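Between the sequences and the hints, there should be enough to build the whole structure, so can you do that?
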Amino acid sequence: MTKSTKTLHGAIALAGISALALTACTGPSGGGGTSTGSAGGGAITYGTTDKVVTLDPAGSYDGGSFMVMNQIYPFLLNYAPGTADAAPDIAESASFTSPTEFTVKLKPGLKFANGHTLDSSDVVFSFNRVMSINDPNGPASLLANMEKIEATDPDTVVFTLKAGNDQVFPGVLASNPGPIVDEEVFPADKIMDDDAIVAAKPFAGQYTIDSYKKNELVNFKPNPDYQGLLGEAANDGATLKHYADPNNLKLDVQQGNIDVAGRILTATDVADLESDSNVKVHKGPGGELRYMVFNFDTMPFGAKTPEADPAKALAVRQAIAHLVDRDVIASQVFKNTYTPVYSYVPKEFEGATEPLKSLYGDGSGKPSLEKAKQVLTDAGITSVVDVKLQYTDRYGTSAADEYALVKEQLEKSGLFTVDLKSTEWTTYTKERRRCLPRLPARLVPGLLRRRQLPHAVLHPRQLPGQPLREPGRDRRRQQAAGHHRQGRTERAAWPGPGSHRQGPLHPAPAPGCPGDGRRN
Amino acid sequence: MTTLIDAPPGDTGGILPAARKSSGGGLGQYILVRFLLIFPTIFILVTMVFFLMRITGDPITAAMGGRLPADQLQERIEAAGYDRPILVQYFEYLGQLATGNFGRTLTDNRAVVEMLTTYGSATLELSLNALVVALLVGIPLGMLAAHRRDKAPDAVLRVFAILCYATPVFFAGMLLKLTFSVWLGWLPVAGRAKTSSELALTSLEAPTGIYWLDALRSGNMAAFADVLAHAVLPAVALGLLTAGIFLRLVRTNVIGTLGRDYIEAGRSRGISEYRLVTKHAYKPALIPIITVMGLQIAVMLGGAVLTEKTFEWKGLGFQLANYLTARDFVAVQGIVVLLAIIVALTNFIVDIIAALIDPRVRY
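Those protein sequence lines, which keep their order, are chains A and B.
Here the working numbering is used: the first residue of the first sequence is 1493, the next is one more, and so on.
Here the working numbering is used: the first residue of the second sequence is 474, the next is one more, and so on.
Keep in mind that the hints were calculated from the coordinates and are not lab data.
Don't take every hint at face value.
[To be verified] Using 20 Å as the maximum straight-line C-alpha spacing, the simulated SDA-like pairs for lysine to any residue come out as follows: (1) K1654(A) x S1587(A); (2) K1543(A) x L797(B); (3) K1705(A) x K624(B); (4) K1693(A) x S594(B); (5) K1603(A) x V1677(A); (6) K1705(A) x S594(B); (7) K624(B) x I559(B); (8) K1543(A) x A584(B).
[What the hints assert, rightly or not] Derived Cβ-Cβ restraints for the label pairs, each shown as a range: (9) D1737(A) x Q502(B): 45 to 55 Å; (10) T1760(A) x F644(B): 12 to 22 Å; (11) T520(B) x T1575(A): 52 to 62 Å; (12) G573(B) x N1626(A): 25 to 35 Å; (13) W659(B) x S1850(A): 56 to 66 Å; (14) A1691(A) x W659(B): 35 to 45 Å; (15) L510(B) x A1688(A): 38 to 48 Å.
No experiment lies behind these values; they were computed from the predicted model shown.
Built from N, CA and C at the ideal position, the CB exists for glycine as well.
Shown next as structure tokens:
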């Protein structure tokens, strides 16, 4: 199929977690794809800038790795297409049998693609292995509430929890530590090499890996033995192609070399692609938030500054909150792929409200210079306040434009001068770790929210030609947020010595604190 | 180890007699000396790489310093032996290198040797392609510039040569991509092959990793054409860097050769100027090209980092950039050491070829 004859040439995910949901609108690959299709729906080629850290579930806690794992490993619980609740995948049943016991019964006759039997022993091995290896890149922190796991018979396992009534736990089982691995293949005490994993075929998910070149090309074939929640694959396979440069990703989907592009395209690219008749761009609401955070010690009038004054420090934060024009940032920098948000919880979530909208700015979401001046004057601040604003481009190249605009907005008020700096990600995380042993409070909570497609709205399996799934990652983020992590956020901070006050929604940061590379 | 001949061929300038006196040996001794010099060269390079990498601290802290609590970090540092005296680590590292053990990458837990072999072939392919472009562009245009000395074509070509080697390779790459991929749509944007071709080539038994070679071996001409199409822009971007140097070198040497007595003799016998240039003058002028080629391999490998990154050409340069970003110094160390070895070996080979062609270099 050539570019000119393709009606829906490709679907573009907005740099998002639900990228795979957007593959639905594509048909079999064209020139560059793996057009080896047959009656099953053909094969599809998906391009991404995500990277795989490792295929070993004990050694990764990142989107790129998990997306591949989701195709090849079975889970006790998973997300059915179009739903937001974790449901039994290879489990026959899974429920709390007491406040601190979660019992899972496996379906009978399960096996891995290499012929090995999949039973409760493998399940126990998988979770214990994640905990015992406790890799710094791994998801062991998600199992913090798991005291132990036991196999009561070949088909049944019982999780004993430290704290009872953990309603997040089913979601944890469907998330990063959840893949069930073959105990006859994986070593119990160390991470296994990707190529060795592929060679041993310890797969029991919807797909198996046919060929694998790490962070280059992964070819998936449907697994005929999969008995899980997601059912039989609706196609003949899929190819995952990794890109380093979003520009190449964008150009390749435009030229028909891949069918679907996702994670991560810039807002400018998305806007450009929207004008391309050969490409279909899907948008939807999402749960990603971008924040600015403050170091309470080193910020103006902070606790460890010579002019320490908590009331003045509060006034500075409030004044900035009054001045930031979220609408302008969303439209100018993010081309409306983000929307202003006035809450810690995106409004799409049930029960979410926008308490901050009336609290800051003019009360309707626009900035208010008068209120900013007033709050500073009331606190006794009469001179221009110098602030140091620091960002990292880890979360997209738009960060530079975003914070340049914040600087402009603050300085335009005449109330602030801003020293804007960027920091390379690794240095940023080191400084953050060094400087922020506890999480900082937020001043401008929920600055912007990414518009994204939730899985519940469009799940790939609801649409033809869809080979891959990335179930519930968005939901997991939200469900897990109060438990272990904050989703993908952008923050500005003042690295410096000292501790910081903790934000209202944040738990202890390490490991699993917001902004930690593993989480993103 | 590379001997660069700047003087026009035939102009010994009084050096040769002295060289002949001091040589005291033939080609065999020359090769032996050059071969033995490889080892201290590599040793020095390896030592430099090792200690430079340690300037910023141990590799574990560099790669994971921001993501681990201090106690766990220390645990890993101790487990890896990075808490020991630097000299102990250094000698252990030398011992490992001697046995071909480059360790495992910190960020993706791969054997460095496996990573080097996987991606080395891609870089080799790109370098070979670029070298072909450099030779095809640099030599003929250099001869043309010499032939049309101080005329308009010469002036244009000299400017072109300067542009070639003065333009950053990533910028040239982006311009080429913009022109031939985005605007004209003639050539692929990035990558080494289409997905279907890559799948076909990687499924071969014992692939070399050099795609065009694998495509030829398998008789898959569609894949071969596809691979060549993907190779054009990266090869041109990287090749032009060296082509500019070749062009100027050939021009200078051909001009020098054209003034020699034997050319004058040929001219007086009525041999055409075209024939004089293409048959009689260019051969001696090519000797410096061979010697410079050795140096250019190092330039090309450096340029390959940027070229591979620009064109998503997943070779050693591409990986080097990624590992540097991730501060995976074990991987970086492995790649840099391999590149150093390649450069040292290439220079050795070039020296041998130069000595075979021109006995005067065996001084």
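Evaluation of the provided hints:
1. As the CA atoms of K1654(A) and S1587(A) are separated by approximately 16 Å, the hinted pair is consistent with the 20 Å bound.
2. With a C-alpha separation of about 15 Å, the suggested pairing of K1543(A) with L797(B) holds against the 20 Å cut-off.
3. The suggested pairing of K1705(A) with K624(B) is violated, with an alpha-carbon distance near 53 Å, which exceeds 20 Å.
4. Annotation: proposed proximity of K1693(A) to S594(B) is violated, straight-line Cα distance about 27 Å (limit 20 Å).
5. Pair hint K1603(A) plus V1677(A) holds up; C-alpha atoms about 13 Å apart against a cutoff of 20 Å.
6. For the proposed pair K1705(A) and S594(B), the alpha carbon gap of about 14 Å is at most 20 Å, so the pair holds.
7. For the hint pairing K624(B) with I559(B), the CA-to-CA distance comes to about 61 Å; that exceeds 20 Å, so the pair is violated.
8. Proximity of K1543(A) to A584(B) is assessed by CA-CA distance (about 18 Å); at most 20 Å being required, the pair is judged to hold.
9. Look at D1737(A) against Q502(B): about 51 Å separates their beta carbons, and that is inside 45 to 55 Å.
10. About 20 Å separates the C-beta atoms of T1760(A) and F644(B), a value consistent with the hinted range of 12 to 22 Å.
11. Evaluation of the 52 to 62 Å hint for T520(B) and T1575(A) yields a pass: the beta carbon distance comes to about 60 Å.
12. Evaluation of the 25 to 35 Å hint for G573(B) and N1626(A) yields a pass: the beta carbon distance comes to about 31 Å.
13. The beta-carbon spacing between W659(B) and S1850(A), approximately 57 Å, falls within the hinted interval of 56 to 66 Å.
14. Separated by about 40 Å at the C-beta atoms, A1691(A) and W659(B) satisfy the suggested range of 35 to 45 Å.
15. Hint check: L510(B) to A1688(A), Cβ distance near 40 Å, so the stated range 38 to 48 Å holds.
Violation of the numbered hints given earlier is confined to hints 3, 4, 7; the remaining hints are satisfied by the structure.
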